[in-house]
Amino acid sequence: MRRFLYIVPLALFIALVIYFFVAMRGGYDPSTLPSAMIGKPVPTFDLPGPLVPPSYAGPRVKLGFSNRDLLGHVVLVNFFASWCIPCRVEHPVLMGLGPAADVPVVGIAYKDKSQDAVGFLNEYGNPYVAVAMDEGGRTGIDFGVYGVPETYLIDKHGIIRLRYVGPLTAEVVAREILPAVRTLQQSP
Amino acid sequence: MIIELGHFALILALPLALIQATVPLWGAERRHAGMMALGDLTALAQFALIALAFATLVNAYITSDFSVLNVAENSSSAKPLIYKISGVWGNHEGSMMLWVLILTLFGAAVAWFGDNLPAPLKARVLAVQAMIGAGFFLFILFTSDPFQRLADPPLEGNGLNPVLQDPGLAFHPPMLYLGYVGFAVAFAFAVAALIEGKVDAAWARWVRPWTLAAWCALTIGIAMGSWWAYYTLGWGGWWFWDPVENASFMPWLVGTALLHSAIVVEKRDALKGWTVLLAILTFSLSLIGTFLVRSGVLTSVHAFALDPRRGLFILVLLAVAIGGSLLLYAVRAPALAGGGLFAPISREGALVLNNVLLTTGAATVFIGTLYPLFLDAVGGPKLSVGYPFFDRTFVPIMVPLLLAVAVGPFLGWKRGDLRGALERLWIAFGLALALGAIALYLSQGGPILAVGGLMLAAWVGFGAITEWVGRTRLSWRRALHLPRAAHGMTLAHLGLAVTVAGIAASAWQVERIAVMHPGDNIAIGGYTLHLDRLSGLDTPSYHAERADIRVTAGDRAITVMHPEKRHYPLEQMTRGETAIRTTFLADLYLALGDDDGKGGATIRAYWKPLVPWIWIGAVFMALGGVLSLSDRRFRVGVARRAAPASAVTEAGE
Amino acid sequence: MRFFLLLLAILLATLTPPARAVEPNEMLKNPALEARARAISRELRCLVCQNESIDDSNADLAHDLRLLLRQRLAAGDTDRQAIDFIVARYGDFVLLQPPVEPATYLLWFGPAALLIVAAASAAIFVNRRNRTLREPAPLSAEEKRRLDTLLDERY
Numbered sequence: 001m002r003r004f005l006y007i008v009p010l011a012l013f014i015a016l017v018i019y020f021f022v023a024m025r026g027g028y029d030p031s032t033l034p035s036a037m038i039g040k041p042v043p044t045f046d047l048p049g050p051l052v053p054p055s056y057a058g059p060r061v062k063l064g065f066s067n068r069d070l071l072g073h074v075v076l077v078n079f080f081a082s083w084c085i086p087c088r089v090e091h092p093v094l095m096g097l098g099p100a101a102d103v104p105v106v107g108i109a110y111k112d113k114s115q116d117a118v119g120f121l122n123e124y125g126n127p128y129v130a131v132a133m134d135e136g137g138r139t140g141i142d143f144g145v146y147g148v149p150e151t152y153l154i155d156k157h158g159i160i161r162l163r164y165v166g167p168l169t170a171e172v173v174a175r176e177i178l179p180a181v182r183t184l185q186q187s188p
Numbered sequence: 189m190i191i192e193l194g195h196f197a198l199i200l201a202l203p204l205a206l207i208q209a210t211v212p213l214w215g216a217e218r219r220h221a222g223m224m225a226l227g228d229l230t231a232l233a234q235f236a237l238i239a240l241a242f243a244t245l246v247n248a249y250i251t252s253d254f255s256v257l258n259v260a261e262n263s264s265s266a267k268p269l270i271y272k273i274s275g276v277w278g279n280h281e282g283s284m285m286l287w288v289l290i291l292t293l294f295g296a297a298v299a300w301f302g303d304n305l306p307a308p309l310k311a312r313v314l315a316v317q318a319m320i321g322a323g324f325f326l327f328i329l330f331t332s333d334p335f336q337r338l339a340d341p342p343l344e345g346n347g348l349n350p351v352l353q354d355p356g357l358a359f360h361p362p363m364l365y366l367g368y369v370g371f372a373v374a375f376a377f378a379v380a381a382l383i384e385g386k387v388d389a390a391w392a393r394w395v396r397p398w399t400l401a402a403w404c405a406l407t408i409g410i411a412m413g414s415w416w417a418y419y420t421l422g423w424g425g426w427w428f429w430d431p432v433e434n435a436s437f438m439p440w441l442v443g444t445a446l447l448h449s450a451i452v453v454e455k456r457d458a459l460k461g462w463t464v465l466l467a468i469l470t471f472s473l474s475l476i477g478t479f480l481v482r483s484g485v486l487t488s489v490h491a492f493a494l495d496p497r498r499g500l501f502i503l504v505l506l507a508v509a510i511g512g513s514l515l516l517y518a519v520r521a522p523a524l525a526g527g528g529l530f531a532p533i534s535r536e537g538a539l540v541l542n543n544v545l546l547t548t549g550a551a552t553v554f555i556g557t558l559y560p561l562f563l564d565a566v567g568g569p570k571l572s573v574g575y576p577f578f579d580r581t582f583v584p585i586m587v588p589l590l591l592a593v594a595v596g597p598f599l600g601w602k603r604g605d606l607r608g609a610l611e612r613l614w615i616a617f618g619l620a621l622a623l624g625a626i627a628l629y630l631s632q633g634g635p636i637l638a639v640g641g642l643m644l645a646a647w648v649g650f651g652a653i654t655e656w657v658g659r660t661r662l663s664w665r666r667a668l669h670l671p672r673a674a675h676g677m678t679l680a681h682l683g684l685a686v687t688v689a690g691i692a693a694s695a696w697q698v699e700r701i702a703v704m705h706p707g708d709n710i711a712i713g714g715y716t717l718h719l720d721r722l723s724g725l726d727t728p729s730y731h732a733e734r735a736d737i738r739v740t741a742g743d744r745a746i747t748v749m750h751p752e753k754r755h756y757p758l759e760q761m762t763r764g765e766t767a768i769r770t771t772f773l774a775d776l777y778l779a780l781g782d783d784d785g786k787g788g789a790t791i792r793a794y795w796k797p798l799v800p801w802i803w804i805g806a807v808f809m810a811l812g813g814v815l816s817l818s819d820r821r822f823r824v825g826v827a828r829r830a831a832p833a834s835a836v837t838e839a840g841e
Numbered sequence: 842m843r844f845f846l847l848l849l850a851i852l853l854a855t856l857t858p859p860a861r862a863v864e865p866n867e868m869l870k871n872p873a874l875e876a877r878a879r880a881i882s883r884e885l886r887c888l889v890c891q892n893e894s895i896d897d898s899n900a901d902l903a904h905d906l907r908l909l910l911r912q913r914l915a916a917g918d919t920d921r922q923a924i925d926f927i928v929a930r931y932g933d934f935v936l937l938q939p940p941v942e943p944a945t946y947l948l949w950f951g952p953a954a955l956l957i958v959a960a961a962s963a964a965i966f967v968n969r970r971n972r973t974l975r976e977p978a979p980l981s982a983e984e985k986r987r988l989d990t991l992l993d994e995r996y
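Chains as they are written, first to last, in our numbering: chain A, 1 to 188; chain B, 189 to 841; chain C, 842 to 996.
If you're looking for bench data, these hints aren't it; they were derived computationally from the structure.
Among the hints, a few may not be true.
Stated by the list, open to error - Chain B side only, calculated, beta carbon under 8 Å to chain C, not exhaustive:
#1 Phe428
#2 Gly567
#3 Lys570
Idealized CB from N, CA, C, for every residue including glycine.
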């Protein structure tokens with residue numbers, strides 16, 4: 001019985017090492033937070049578009065939109081900014097996303113100036129079917145954005161189903177985003 | 189000196205460490221003098237090799253040799269010399285080199301100064317030391333090599349993070365490492381004792397100076413980090429309970445417990461198994477702290493592009509070193525029976541209370557630091573554990589500790605007289621009450637808890653002074669006659685009181701934040717601040733915006749202060765340079781914020797009563813440790829003579 | 842080693858437009874309301890920093906949250922409502938003080954439980970120790986006198 005006490009430190013330590021090992025293997029990233037908004041309706045917003053439309057605009061691009069515009073179809077909401085360097089990393093992925101995935105992507109320029117956001121889209125291309133300006137960042141806060149880029153998947157009923165923090169990669173899109181999009185598109 | 193020479197020296201140190209980890213150990217089993225003595229030689233040689241390797245790296249930094257990858261990434265030719273040198277350990281690879289430099293330094297010190305140790309014990313201590321050393325050499329060589337060359341050297345380096353270009357932070361890591369790595373010696377002594385199956389008063393006496401030295405360095409290291417945060421962050425915060433701070437605080441708490449329990453082993457031949465466990469845990473927590481910081485388990489990985497192999501390597505190192513020692517502990521420690529009675533009300537009883545509270549405190553910090561990670565790993569919600577948690581859990585555990593600190597030294601060994609001790613403390617009690625009443629009156633319904641903290645500080649401080657006065661009876665001759673360790677204890681306990689007072693009083697700080705234009709003035713803490721001028725200043729490293737703020741008290745001119753905001757073009761970073769004027773009773777703290785585009789700027793002014801005491805207290809604690817270290821009982825040669833003497837006769841000293 | 846954190850904070854800061862900790866123009870005119878806002882913002886975590894509150898943080902998001910908090914208070918929210926408003930968007934993670942719920946019982950009550958266990962173990966240790974060892978004979982008057990002189994000498 002007395003001897004047993006002396007094994008306690010070792011036992012606790014082994015548990016700790018296993019737990020560290022699992023934490024490291026699991027790709028644990030302390031900087032990624034789960035969204036508190038999953039399963040909740042998209043927050044109410046009505047944002048204006050940029051003053052000047054991006055040159056790669058096309059007839060379909062809507063300038064400015066509100067949460068009601070998102071109802072009725074599965075849609076990706078992407079928060080971006082011209083000052084955000086990871087957004088440039090993500091941009092080619094977004095550019096390649098729309099047609100292949102058949103899911104509309106709308107962009108909200110977070111804490112950005114109209115001409116800067118448009119300049120960014122003119123330079124790198126416009127992947128969005130609709131662009132809106134969130135200059136004050138209030139809508140971003142309502143979504144629970146804590147660092148751009150962030151991408152939200154919204155279902156047909158306007159419920160937030162998924163959030164991805166950080167630049168989207170082709171792998172993340174194929175593994176996480178698109179399967180979720182398909183499921184939501186097929187459900188009523 | 190070329191860098192390849194350094195690399196070669198590091199590689200050469202590895203087989204030496206492997207030899208030292210095995211041959212002396214075997215020699216100690218077979219009582220072979222030559223094999224045991226080999227450890228001394230290899231320990232000294234290892235130190236020489238690592239010192240050479242480190243010197244080549246420092247040289248590469250001083251001469252700005254950008255063909256070395258590590259230098260190109262972390263230095264630039266325009267830095268002042270001191271920051272070129274401190275840049276060596278301002279990055280992961282270099283800091284690991286500093287770690288092994290200190291480790292081998294301690295190993296060499298054991299070899300050099302350890303003549304008083306019995307040969308088998310010394311051989312085993314050095315062998316355990318070398319095992320740790322070999323692990324870290326491998327770690328550096330395989331995952332963190334600072335000696336890599338660049339095929340295509342750049343003309344200029346990337347520069348050193350401006351945050352690190354600061355005298356406080358330049359010497360914070362070396363002090364911290366001296367502490368962490370110093371505890372490796374205590375660890376080696378503990379493991380050696382487990383191998384021998386013997387822990388006695390002499391062992392406690394030998395391990396104590398190393399523990400003390402490490403503890404002093406760690407105390408200063410933590411204090412420097414906290415002081416640096418205070419004067420850098422622009423609003424005077426000095427402790428955040430963030431994981432990296434906690435990683436250094438946990439070994440400090442357990443190390444403090446170890447210092448106290450080792451006294452019980454020395455004087456009463458008791459608490460042996462526990463003390464050995466504390467020695468193992470103290471270094472283990474240092475290693476775990478390193479792992480947490482380096483592996484990216486707690487802090488974000490991708491921000492530094494840390495190599496995940498490093499985390500894994502340290503984890504394996506951790507598992508082998510700590511797991512091995514705890515296994516040895518589980519097997520051998522039950523045999524370490526102590527002797528003698530153990531009265532609850534006695535000096536040793538008080539020291540047990542100290543240990544219970546300090547280790548529980550450390551465990552609380554441990555739980556608070558790792559809980560978010562733990563919860564996440566088992567699929568729970570993501571949580572933050574911030575200062576409010578530690579205020580509500582850690583602080584209450586420290587209250588009884590502070591209450592006991594004043595009483596403990598008054599209790600005799602074996603059988604204490606609690607009533608007598610409390611009777612002798614009535615002056616301290618009265619002074620603490622009076623101070624509390626004054627503080628309560630002056631703060632006018634201010635923070636009540638701070639008043640309580642101040643009273644506790646007074647109780648500890650006046651208690652320590654009372655005890656010292658009682659022992660010396662204010663006679664110079666008696667004071668000189670006392671062992672220095674006794675004075676050291678008084679000074680360290682006094683330092684604790686001073687720190688606690690500084691922490692408590694920080695609740696009374698006054699803050700003024702305002703946009704000021706030249707000619708404006710604001711009043712704070714009895715001073716008037718006049719903004720005379722806002723100007724620019726250029727140096728080779730940075731461009732600064734600078735405010736000239738004249739401070740007056742009534743009609744009297746006090747000083748002119750210059751808070752700055754510095755922009756470092758090479759590193760593309762901005763940081764503030766605060767201006768602090770201290771009277772040692774309070775700090776006047778100024779930081780310059782943004783300009784408002786209309787010729788004005790935000791000025792943050794704080795008046796912080798007793799805040800410098802937080803660090804002054806830490807210096808007292810460390811000085812107390814140094815004073816104890818100079819005690820003749822710990823000096824070279826004395827311990828051997830004293831070793832055969834039984835613990836009981838020593839107890840009367 | 843804490844400088845690695847600062848490094849992190851600064852790296853993150855370079856990704857966002859610059860802003861600083863509580864600015865004069867953020868503050869509310871009503872001192873009572875401002876005091877409430879300061880107190881609440883000390884309890885809310887800056888999401889992109891390590892254990893820093895939004896009151897202390899220089900991050901842009903912290904600045905926005907400070908403003909938002911003040912708007913809510915000025916609009917008549919209670920402290921609880923204002924905090925819940927932010928928690929609804931960012932989750933319990935923004936609370937520097939984690940809520941007391943089944944998932945955090947171990948966190949909140951663990952330290953107290955440990956203290957009890959440690960104190961009880963120490964008490965049992967002392968007790969058992971003294972039971973197994975026989976009490977020595979009481980001191981004679983002569984021994985007691987000698988002891989007292991010795992104790993006087995003792996530091």
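We went through each hint and held it up to the structure:
no. : hint   : in the structure
1   : Phe428 : 5 Å, holds
2   : Gly567 : 10 Å, violated
3   : Lys570 : 5 Å, holds
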